[in-house]
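Please take these sequences and the hints and turn them into a complete structure.
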Amino acid sequence: MAHRFNLLLPITVGVACTAFAVVSFAADHNSTGLPTYPHDSGGKMDAVYRSIPNGQQCMSYSGDTPDALEVVEAWYKKQMPAAKTDDINNHSLYGSFKLDGIKLLQGNDFVNIYRVPNQRTTSIEIFKCKDAPHAG
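So the number in the numbering used here is just where the residue sits in the sequence shown, counting from 1, plus 21.
Think of the hints as simulated: they come from the structure by calculation, not from any bench. Warning: the hint list may mix true and false statements.
To be verified - Distance condition first, Cα-Cα at most 27 Å in a straight line; then the derived BS3-like pairs of lysine-lysine: (1) K105 - K151; (2) K151 - K99; (3) K119 - K99; (4) K119 - K98; (5) K149 - K98; (6) K105 - K149; (7) K99 - K65; (8) K98 - K65.
Here it is, written out as structure tokens:
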């Protein structure tokens, strides 16, 4: 019996480690290099760069939090002090739909922090972008 237990132990540990690895990789973590809000409820990370309306290629992470819009905006401004603040509705990715919030621009990258009217959560979208391709 002791011999059988010793043979099963490595198999059991291997299965447990594999299950942990699958769970770890299943979570969508922000891999943009830009800060993740500490009370983010978990979100979705793009697997590939995608074209956005201004021609840039960006990967994005999107999440949300029940925290107030003003609290999230203040946290991001502190984390990204060199970022330029703009109205979320200027050069909007959302068309003519009006939102409450800001866009923080830092180099090619930006963070959209907004709340849809009558929504109980604050949305956070983090974009890690490459330069727009040059025609030539």
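Hints, verified against the model:
For a cut-off of 27 Å, the pair hint linking K105 to K151 stands: about 18 Å separates their Cα positions. Taken as a hint, the K151 and K99 pair is honoured in the structure, with Cα atoms around 24 Å apart against an allowance of 27 Å. Of the supplied pair hints, the one linking K119 and K99 holds, its CA atoms being roughly 25 Å apart against a limit of 27 Å. A distance of roughly 22 Å separates the Cα atoms of K119 and K98; the hinted pair therefore holds under the 27 Å criterion.
Among the hinted pairs, K149 with K98 is consistent with the structure: their alpha-carbon atoms are about 17 Å apart, no more than 27 Å. Taking the CA atoms of K105 and K149, the gap is near 15 Å; set against the 27 Å cutoff, the hint holds. For the hint pairing K99 with K65, the CA-to-CA distance comes to about 24 Å; that is within 27 Å, so the pair holds. For the suggested pair K98 and K65, the alpha carbons sit about 22 Å apart, so the restraint of at most 27 Å is met.
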